[in-house]
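K.L.:
I would like the entire structure built from these sequences, with the hints used as guidance.
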Amino acid sequence: DTEVTQTPKHLVMGMTNKKSLKCEQHMGHRAMYWYKQKAKKPPELMFVYSYEKLSINESVPSRFSPECPNSSLLNLHLHALQPEDSALYLCASSTHSLAGGFQPGADTQYFGPGTRLTVL
Amino acid sequence: KQEVTQIPAALSVPEGENLVLNCSFTDSAIYNLQWFRQDPGKGLTSLLLIQSSQREQTSGRLNASLDKSSGRSTLYIAASQPGDSATYLCAAMDSNYQLIWGAGTKLIIKP
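Keeping their order, the protein sequence lines are chains A and B. Using this note's numbering, you'd call the opening residue of the first sequence number 1 and step up by one each time. Using this note's numbering, you'd call the opening residue of the second sequence number 1001 and step up by one each time.
To be clear, the hints were calculated from the coordinates, so they are not data collected in a lab. In this text, a Cβ means the ideal position worked out from N, Cα and C, and glycines have one as well. It is possible that part of the hints are untrue.
[Stated by the list, open to error] To spell it out: a stretch of chain B is covered by chain A in this simulated footprint if at least three of its residues, at any positions, have a beta carbon under 8 angstroms from a beta carbon of chain A; those stretches are:
no., stretch
1, 1015-1021
2, 1024-1034
3, 1048-1057
4, 1073-1086
[To be verified] With a cut-off of at most 35 angstroms between alpha-carbon atoms, the simulated DSBU-like pairs for lysine-lysine come out as follows:
no., chain 1, residue 1, chain 2, residue 2
5, A, Lys18, B, Lys1068
6, A, Lys36, B, Lys1001
7, B, Lys1068, A, Lys19
8, A, Lys53, B, Lys1110
[As the list claims (entries may be wrong)] Which residues of chain A face chain B? A partial, calculated answer using Cβ under 10 angstroms:
no., residue
9, Tyr33
10, Pro42
11, Pro43
12, Glu52
13, Ile56
14, Val60
15, Asp85
16, His96
17, Gln109
18, Tyr110
P.N.:
In C-alpha cells:
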C-alpha cells in the first residue's frame, strides 16, 4: 500500500470557524509533511514531523496548528483563517527511517490528493 | 541558498513526439533530484528519483538524467501521449533534507 489519504477533499469555511484536515498513511513511514500550494505555484513546506515530533516549522502563522497523534496520522487544525489561506493543502510521507542508517538520497516523498480549502 | 529553475514554463507538442523538460539548480550539494507529475487540482505523483551518486534513472517511457557538475537535470519523455499532459515539477533535496522546488513545466500533448 503506497497510498496517502487526506480528508476532506474540499472544505469551505468562514474566518471564525475551526476545522481540521486529516492525513493518514500505512506505509510505516516515520516522516510526515504538510505543504500549502497556491494555483500555478510549487508546494510550500509548512511543517515536518519526524518520529511523531515536530522537526520543522517554516514560520507558519499560529492559526495553523499541526498535530501528530501517532506514526500513521497527521492533522492540521485551522482557526481564524484569512481568505489568502485558500489553497490546496497537501500531505506527504517518507521513509526517513533511522533503522539501518538513514539514507536521504533514497528518500522519496509520497503525496496525498490534497484538500482544497476555501476561506470566505 | 538553493534555487531550482524549470524551462520552459509551458510546452505544447503533437502526440508521438519525444520531448525533453529541463531543470537547473544552483547548489550541487544535493542528496537527490526528483521529478513529480501533477494533474490539475490533484496531488503530486513521484516519477523518478536520481540519487546524487547516480547519472540517470528510467521508468517505462521516462528517462531522467542528472549532471551535478553543471547543475542540470533533464526528463526525457518518449513517444508522448495525450495522457502525459500535466504539470511536471522537479525538486532537489538539500543538505537539510528539504525539497527545493522548481516552478514546473505545464505540458500539453495534442492528439
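K.L.:
Run every hint past the structure and note whether it holds.
P.N.:
How the hints compare with the structure:
Only residues whose C-beta sits within less than 8 angstroms of a C-beta in chain A count toward coverage, and the stretch 1015-1021 of chain B has 0 of them, not enough to reach three; the restraint is violated. A stretch counts as covered by a chain when three or more of its residues have a beta carbon under 8 angstroms from one of that chain; for the stretch 1024-1034 of chain B and chain A the count is 3, and the coverage holds. Figure legend: the stretch 1048-1057 of chain B, annotated as covered by chain A; annotation consistent (4 residues with Cβ-Cβ distances under 8 angstroms, at least 3 required). With 0 residues having a beta carbon nearer than 8 angstroms to a beta carbon of chain A, the stretch 1073-1086 of chain B misses the requirement of three or more and the stated coverage is violated.
A threshold of 35 angstroms between alpha carbons decides the hint, and for Lys18/A with Lys1068/B the separation of about 46 angstroms lies outside it, so the pair is violated. Note on Lys36/A and Lys1001/B: the hinted pairing holds, with a Cα-Cα distance of about 21 angstroms set against a maximum of 35 angstroms. The hinted pair formed by Lys1068/B and Lys19/A fails the criterion: a straight-line CA distance of about 44 angstroms is larger than 35 angstroms. Distance restraint check for Lys53/A and Lys1110/B: the Cα-Cα separation of roughly 47 angstroms exceeds the 35 angstroms cut-off, and the hinted pair is therefore not satisfied.
A hinted interface residue such as Tyr33/A counts as satisfied when its beta carbon comes closer than 10 angstroms to some beta carbon of chain B; here the least separation is about 9 angstroms, so the hint holds. About 4 angstroms separates the beta-carbon of Pro42/A from the nearest beta-carbon of chain B, less than 10 angstroms, and the hint is met. Hint on Pro43/A holds. Least Cβ distance to chain B is approximately 6 angstroms, under the 10 angstroms limit. Checking Glu52/A against chain B by beta carbon gives a least distance of about 17 angstroms; that is not within 10 angstroms, so the hint is violated.
With a cut of 10 angstroms, the hint placing Ile56/A at the interface with chain B holds, because the nearest CB-to-CB distance is about 7 angstroms. Using the Cβ-Cβ criterion of 10 angstroms, the hint placing Val60/A at the interface with chain B is not satisfied: the shortest such distance is roughly 14 angstroms. For Asp85/A, the interface hint is violated, since its Cβ never comes within 10 angstroms of a Cβ in chain B; the closest pair sits about 17 angstroms apart. The beta carbon of His96/A comes within 8 angstroms of a beta carbon in chain B, closer than 10 angstroms, and the hint placing it at the interface holds.
Hint on Gln109/A holds. Least Cβ distance to chain B is approximately 7 angstroms, under the 10 angstroms limit. At about 7 angstroms, the closest approach between the beta carbon of Tyr110/A and any beta carbon in chain B falls short of 10 angstroms, and the interface hint on this residue holds.
Violated hints for the displayed structure, listed by number in ascending order: 1, 4, 5, 7, 8, 12, 14 and 15.
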